[in-house]
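**Student:** Read off the chains here:
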Amino acid sequence: MTTASIDNVLLLAGLLFTIGVAGVMMRKNIFFMLLSVEIMLNAAGLAFIAAGSHWGQPDGQVMFIFILAMAAAEVSIGLSLILQIYHLHKSLDIDNLKEMNG
Amino acid sequence: MAPNDFLALLPLLILSIAAVLVMMLIVANQSHRVIQMASLFLFLTSFLSLFLIPVTLPYAIAPLLLIDSFGVYMMALIVFSALVVNIISYVYFEGKEEGPKEYYVLLFLCTLGACILAVSQHFVSLFLGLEILTIGLYALIAYLRSRQRAIEAGIKYLILAAFSSAFLLFGMALIYVQTGSMSFSLIAHSLALETDLPALFLLGIGMMMVGIGFKLAIVPFHMWAADVYQGAPLPVTAFIATASKGGVLAVTFRFLTSIDGLRFHVLSASLVVLAMVSILLGNILALQQKNLKRLLAYSSIAHFGYLLVAFVPNSPLSLPAMSFYLSAYLISTLAAFGIMAVRSDGTEEAEELASYTSLFWQSPLQASILGLAMLSLAGIPLTVGFTGKFYLLAAAIQNNYWALALVLVLGSILGIYYYLRVINSLLKGGTTTGALPKTAFPYFLVLSLVMLSLLALFILGLGVFPESLIGYLKDLQMGGTTSVY
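Those protein sequences? They're chains A and B, same order as listed. Residue 102 is where the first sequence ends in full-length UniProt numbering, and the numbering goes up by one at each step. Residue 485 is where the second sequence ends in full-length UniProt numbering, and the numbering goes up by one at each step.
Isolated chain A, as found in the complex (with noise of 0.2 Å):
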C-alpha cells in the first residue's frame, strides 16, 4: 500500500488555499467571494488532518471537525446578510456595497 507523503498534501492544501486567496480578491459576487473563503477553511483542514496523520495523532482531525463547525456557522450567518443584501440592493455586486467611503 502506498501512502501519499506529507510533502504532496501539504502542497495540495497550498494550491487549494491559493485558489482560495484568488477567488476572493477577484470575484466580484459576494455569493462566489463566501464560497472562496470556504474553499481556503477546507484547505487549512486538510492541512491539519495530513499534519496529524504525519504524526499519528488525532488532534489534527479533531481540528478539522471544529473548522466544519465553524465554517457551517459562518455560511448560516453569511447566508442570511447575503438574503438581506440581495432584498436591500437587488444585486450581489460587492461593488454596490459602497454606501461608506472606504
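If you are wondering where the hints come from, they were derived from the structure by calculation, not from laboratory data. Hints are not guaranteed to be accurate.
Only pairs whose alpha carbons sit at most 30 Å apart, straight line, appear in this in silico DSS-like list of lysine-lysine [what the hints assert, rightly or not]:
(1) A:K90 to A:K28
(2) B:K428 to B:K290
(3) A:K98 to B:K290
(4) A:K90 to B:K96
(5) B:K96 to A:K98
(6) A:K28 to A:K98
(7) B:K290 to B:K96
Here the structure of chain A is known, so what remains is to put chain B in place on it, guided by the hints.
**Tutor:** Same frame as chain A, now just chain B:
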C-alpha cells in the same frame, strides 16, 4: 475534570450560563428593562468572581487553558468593558426598530469568546475562543438589519474575518506539521534548540500574523476597520474596539512570549515594521476625518501600533507596560463611545464631529467626559494615557529600540492635532446643531452617565496616581505550570 477546575473556570461558566439565562428571560417575554438589569447583574457577578477565584494561580486546565494572574487581569478588563457596553446599550437600543433583547445573548457569548482567548494556551482553545467571539460579532454588527450601513459593515466584516481566520488556521496547521504539537509550551519546547526559525515554521507564523493582524486591524490589514466601526451600532463598535481587540492582543502576547519568538530576528524586525507603519498611517489617516467613529477607528489602529511597541522589546517592563496601556486605552475609548451612544437618538447616531459643536455650553458633564477621553487618548499629562505612553517609552528604551521610541513620539504629536480638534469643537461658542438631550429613559441615562463619570475619574485618578496599578501590574505572572500532554 477535577472539582477545582470548575472553581477556576467560574467566571467563564457564569458568562456561558448567563447567555442561557437571558435566552430564558426572552422566552418568558420579559421587558427590555428586566433583561438589561439581569444582564448587568450577571456581568457584575462574573466580574466579581474573577477576584474570588478560590484556587492558587497559575492554575492549568491541561491542555487547553492556563489561568494565571495575567489572564485574570485581561479577563477583568474584557468583562469590565462588556459591562460598560451593556450599560450604554439600553439608552442606545430603546426606541430602535429592532427588538434589542437577543443582543444581550450575543454580547455574553462574545465576551465569553474574548475571555477564553485571554487564558488559552493551545491552538484549539485559541481557535474556539476566536470563533465564538467573531461569529457573535457578525450578528451584532448587522444587528439593525434594516439599515444598509449595518448590513454592509456586517458582510465586509464577515468576509474579511473568515478570510483572516483561514490564514490563521493554515498557519497553525503548518506550525503543527513542523513541531508535532499545538500547545504553546510544547511548541516552545521543540523550538528551544533552534537558532534560526525552520522555513515551514516561519511560513506558518507569518500566516498567523496575517490572521491576527486582521483581527487587531494593524496596517496593512486595517482596511475593514473604518467601515465596520462606522456601520456597526455604537455599543457594538465600542465592544469591537475594546473587548474583542483586547482578547486577541492578550493571546498574541501570550503566544509570542511563551514560544520566546521575539529572540528570532525575523519576527521582531517584522513586528517593529508593523508597529511603525500602524502608528504613522493610523495617525495620518485620522487627521482629516470629520466622522468621530471613523476618527476613533483610525486612532485605534495607531493605538495598537503603540501597544506593539510595548511587547516587541521583550524587556521586563513589557508586560506591565502593555497591560497598563491597554487599560488606559480601554477606559478612554469606552468613555468616548459611551458619550456618543448617550447622545444618539432613535434614528441617527451622533457620529459627525459637527454635532458636537459647543456641546460644552449645553451639557458640561458630557462634554467634559468626552474631552477627558480625547486628552487621554492623545496622551496629555495628568491623564492615564500619558502615564501609559511613558511606560511604553520606558519599555522600548530599556532594550534600545530607539527607532520605535522615536516613531511613538512622532505619532503622538500627529495625534494631538486631531484629538484637540474634537475638543476645540466641543468648546466652540454659538448654537448647537446636534440632537437635543434625551429625557425619555431618565434612570438608564443617569446610570450611563454615572458609569461614564466613573470612567472619567479613572482617567484622571490613574493619571495622577498610577503607582498602585503599576505596582499591581508588575506582579502579574504569565505562564507557570507547564502542561503535560
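**Student:** Compare the structure with each hint and give your call.
**Tutor:** Quick rundown of the hints versus the structure:
With a C-alpha separation of about 15 Å, the suggested pair A:K90 and A:K28 falls inside the 30 Å cut-off, and the hint holds. Between B:K428 and B:K290 the CA atoms are separated by roughly 16 Å; this keeps the pair inside 30 Å, and the hint holds. With a C-alpha separation of about 18 Å, the suggested pairing of A:K98 with B:K290 holds against the 30 Å cut-off. Simply put, A:K90 and B:K96 have alpha-carbon atoms about 25 Å apart, close enough for the 30 Å limit, and the pair holds.
At most 30 Å may separate the alpha-carbon atoms for a hinted pair to count; B:K96 and A:K98 meet this at roughly 24 Å. A distance of roughly 13 Å separates the Cα atoms of A:K28 and A:K98; the hinted pair therefore holds under the 30 Å criterion. Taking the CA atoms of B:K290 and B:K96, the gap is near 25 Å; set against the 30 Å cutoff, the hint holds.
Comparing the model with each earlier hint shows no violations; every hint is respected.
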